[in-house]
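Protein chains: 2
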Amino acid sequence: MSLIVQKYGGTSVANTERIANVAKRVIRFRQEGHDVVVVVSALSGETNRLIELAKEITETPDKREMDVLLSTGEQVTIALLAMTFKEAGQEAVSYTGNQVRITTDDSYGKARIVSIDKENIQADLKQGKVVVVAGFQGVDETGNITTLGRGGSDTTAVALAAALKAEECQIYTDVDGVYTTDPRIVSNARKLDKITFEEMLELASLGSKVLQIRSVEFAGKYKVPLRVLSSFEDSGEGTLITVEDNKMEDAVIAGIAFSRDEAQITLTGVPDTPGVAYKILGPVADANIEVDMIVQNIGDDGTTDFTFTVHRDEYKRATAIMSDTAKRLGAAAHSGDNTIVKVSLVGVGMRSHAGIASKMFEALGQEGINIIMISTSEIKISVVIDEKYLELAVRTLHDAFELEKAA
Amino acid sequence: MSLIVQKYGGTSVANTERIANVAKRVIRFRQEGHDVVVVVSALSGETNRLIELAKEITETPDKREMDVLLSTGEQVTIALLAMTFKEAGQEAVSYTGNQVRITTDDSYGKARIVSIDKENIQADLKQGKVVVVAGFQGVDETGNITTLGRGGSDTTAVALAAALKAEECQIYTDVDGVYTTDPRIVSNARKLDKITFEEMLELASLGSKVLQIRSVEFAGKYKVPLRVLSSFEDSGEGTLITVEDNKMEDAVIAGIAFSRDEAQITLTGVPDTPGVAYKILGPVADANIEVDMIVQNIGDDGTTDFTFTVHRDEYKRATAIMSDTAKRLGAAAHSGDNTIVKVSLVGVGMRSHAGIASKMFEALGQEGINIIMISTSEIKISVVIDEKYLELAVRTLHDAFELEKAA
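Note that the protein sequences, when read in sequence, are chains S and A. If you count the first sequence from 1, position 228 lands on 228 in my numbering, and the numbers rise without skipping. If you count the second sequence from 1, position 108 lands on 108 in my numbering, and the numbers rise without skipping.
Everything labelled a hint here was simulated from the structure, so no lab data went into it. Hints may contain errors.
Listed below are the simulated DSS-like cross-link pairs for lysine-lysine, each with C-alpha atoms no more than 27 Å apart in a straight line [what the hints assert, rightly or not]:
{"no.": "1", "chain 1": "S", "residue 1": "K24", "chain 2": "A", "residue 2": "K55"}
{"no.": "2", "chain 1": "A", "residue 1": "K316", "chain 2": "A", "residue 2": "K388"}
{"no.": "3", "chain 1": "S", "residue 1": "K63", "chain 2": "A", "residue 2": "K118"}
{"no.": "4", "chain 1": "S", "residue 1": "K126", "chain 2": "A", "residue 2": "K63"}
{"no.": "5", "chain 1": "A", "residue 1": "K194", "chain 2": "A", "residue 2": "K165"}
{"no.": "6", "chain 1": "A", "residue 1": "K209", "chain 2": "A", "residue 2": "K194"}
{"no.": "7", "chain 1": "S", "residue 1": "K223", "chain 2": "S", "residue 2": "K110"}
{"no.": "8", "chain 1": "S", "residue 1": "K63", "chain 2": "A", "residue 2": "K24"}
{"no.": "9", "chain 1": "S", "residue 1": "K118", "chain 2": "S", "residue 2": "K24"}
{"no.": "10", "chain 1": "A", "residue 1": "K63", "chain 2": "A", "residue 2": "K209"}
{"no.": "11", "chain 1": "A", "residue 1": "K223", "chain 2": "A", "residue 2": "K118"}
{"no.": "12", "chain 1": "S", "residue 1": "K118", "chain 2": "S", "residue 2": "K223"}
{"no.": "13", "chain 1": "S", "residue 1": "K55", "chain 2": "S", "residue 2": "K110"}
{"no.": "14", "chain 1": "A", "residue 1": "K405", "chain 2": "A", "residue 2": "K194"}
{"no.": "15", "chain 1": "A", "residue 1": "K194", "chain 2": "A", "residue 2": "K221"}
{"no.": "16", "chain 1": "A", "residue 1": "K165", "chain 2": "A", "residue 2": "K118"}
{"no.": "17", "chain 1": "S", "residue 1": "K209", "chain 2": "S", "residue 2": "K221"}
{"no.": "18", "chain 1": "S", "residue 1": "K316", "chain 2": "S", "residue 2": "K110"}
{"no.": "19", "chain 1": "A", "residue 1": "K126", "chain 2": "S", "residue 2": "K63"}
{"no.": "20", "chain 1": "S", "residue 1": "K24", "chain 2": "A", "residue 2": "K63"}
{"no.": "21", "chain 1": "A", "residue 1": "K24", "chain 2": "S", "residue 2": "K55"}
{"no.": "22", "chain 1": "A", "residue 1": "K63", "chain 2": "S", "residue 2": "K118"}
{"no.": "23", "chain 1": "A", "residue 1": "K191", "chain 2": "A", "residue 2": "K405"}
{"no.": "24", "chain 1": "S", "residue 1": "K110", "chain 2": "S", "residue 2": "K63"}
Next comes chain S alone, as it looks inside the complex:
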């Protein structure tokens, strides 16, 4: 008898028919002898409906009240799912974040889980009940309702799995696993049976929408085996995200991630003085704009060229700031480009394999794809290229590293 935590997102509980399918699947797990804790999101569309209501009042709703509002979405789902179980003869009980109780800090809208009381849940499981928990929400120490931010239901599921020492945390979604790259771009992209937390983290941070980065971090930290599966297909083992071990498939590259929403800003001829990077990026950070890649080249005349990327939505604001900064620092020029994308190779195997980068650059070069920026980490190589080459680059790299073949 092992304990499994399952999380179903908004599209998996979009209506009562789909909720009935979720209940059927969970009951099957029960019949196989598992205890099950189910974490659910709001019915798809519900969170947006609530946000629209708040926007009718103000563009900047009070954060505490916004969490009171949004947390109702998941509460509706837990009630509907629990009554579906009971209608099917399966004992069940629903819990809000407060009822569990999931204690968080008081950062409304992006709260972090501090602790989870597991006594109620364990008592219910012992009695043969399925426990249905509202994702995405908790309460702070004084009982104010908080939410964990978008994708927070994944985090709730992982945190519960960690607290309850579950055998596995299963994230049901509308894809059947993690792929070597987006199958819409590379038709022979391969579903991975396993991937490490680190690789998954890189893929998530690079734009893969399968899992929220915080939940992967959390799962990695507490070593909770995490599995991504489809809630619309009954077969399939999905992809298991787990700690690296010797038995793992020995792939050099796990996958190729990409992000279309990039923009780049360059300052050239900046007098190179100590702290110049801070002088350039400080005002950007002050404006709450997140900077991704940063490249600095030292020029030959005591000046430096400085390039960084931001989310494309922030391009205008960042450019305005750089215009000021360029004047202030006496830079020769500033320029920018919001038609760039980022393509990344990710793989734990890179650590022990030399020559990955050069093979990557060679493959791209042979197709005439010009690399604008390069950034590397221990398990990732990212290049910035013109957006028109995105699909070509991804397919080229997928072929070059033969990702369609299982390792």
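Given the coordinates of chain S, assemble chain A onto it according to the supplied hints.
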């Protein structure tokens, strides 16, 4: 500086525009120097939407989960109203039933309030905040969410007013007060400035939809002055429901109530033995059918005739039961009528005025209205008549007792 509890029902908070109007009104009270606690219902239509979702799953949803589901309705409203206050520069805080905390028994769907923690609310009021409380909901001792049943928001408001020793509990609704009778039937029906709890209780139990009977009972028990006002008109003092006192207007009759949803069942020639009333009504009570008026006449041959009324929706079921009962008791016959109505005169003044009943019967008789049943209490006289006479009877009595004139 006095404390007022205000309750706004579903139509008063139907959308964000109306919520803004509620906020404006409350802020005006604040500017006049009052502390205000606001109790709100779900946005109109929201509770029905949630019930429909549950009905897609089952006709008999689990009661605990139904309360988890329905309580989200009011939670949405408190968040929207509190953010409206803050947007308008008025400090405010929202509370769910759990957060207040309003402790109830564990009768899901029709829970009764056991106690109210007032410390949080009092601290917030002291800080100049408007406190926005979700009506209709509480938690039982172990933290399960409960609801008080339809109209429960009125009860929440009165209970809070009692706990906080508020100067007045104001119920905002879509009518501007309590009338001598339904103005749709009697065009010169008069709005009452004052009415006693007892009279209001009778009016409520007799079909007046202005206030829920439980909230009136509660207000009477704790002597909370209750005022009914329109949330759509700014002028007007509404109707104050209060304890009887010497300064009160000296009306004999406060108003005329009526109920269209009546049905009557008669057993004739029942052998008259001790306990026969129980033998007749026991099976009806066992079937959970509520009986209203009961009349028993002793016949001259050792038999008795027995008549009672039920809600028209229960007529079929009650008739089927009576068919069995008639056989079992050896009654001569059973008959019924589901085209009857009840008209009632209500007034505390009746106590000290003789001849009200005879004046009532005389007025009806002059119009040729046949009385089928009569039932009296200390402050009420009800007659059952054929439904075709309803409007005529109400107008006749309104004229006969000159209710259009202030006392």
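(Q) Next pair to validate is S:K209 with S:K221; report whether the Cα-Cα distance is within 27 Å. (A) holds, 20 Å
Q: Could you grab the alpha-carbon distance between A:K63 and S:K118 and see if it respects the 27 Å cut-off?
A: With a Cα-Cα distance of about 24 Å, the restraint between A:K63 and S:K118 holds, given a limit of 27 Å.
**Q.** S:K24 paired with A:K63 [C-alpha distance capped at 27 Å]
**A.** With a Cα-Cα distance of about 21 Å, the restraint between S:K24 and A:K63 holds, given a limit of 27 Å.
(Q) Does S:K24 sit within 27 Å of S:K118, going by the straight-line distance between their CA atoms? (A) Within the cut-off at roughly 25 Å; holds.
Q. Within a Cα-Cα threshold of 27 Å, do A:K165 and A:K118 meet the stated pairing?
A. The hint holds at about 10 Å.
Q | Pair hint A:K405 and A:K194, alpha-carbon separation not exceeding 27 Å | A | holds, 14 Å
Q.
Please verify whether S:K126 and A:K63 have alpha carbons no more than 27 Å apart.
A. Measuring from Cα to Cα gives roughly 22 Å; hence the hint holds.
Q: Starting from S:K63, check that the Cα of A:K24 is at most 27 Å away, please.
A: Holds: S:K63 and A:K24 sit about 21 Å apart, inside 27 Å.
Q. When you check the alpha-carbon spacing of S:K223 and S:K110, does it fall within 27 Å?
A. Holds: S:K223 and S:K110 sit about 23 Å apart, inside 27 Å.
Q. Are the Cα positions of S:K55 and S:K110 separated by 27 Å at most?
A. Roughly 19 Å separates the two Cα atoms, so the pair holds.
Q. Under the criterion that the straight-line Cα-Cα distance not exceed 27 Å, is the pair A:K126, S:K63 satisfied?
A. Status holds; Cα separation ~22 Å.
(Q) So if I understand the rule, the pair passes when the alpha-carbon distance is 27 Å or less; does S:K24 with A:K55 pass? (A) holds, 18 Å
No hint from the list above goes unmet by this structure.
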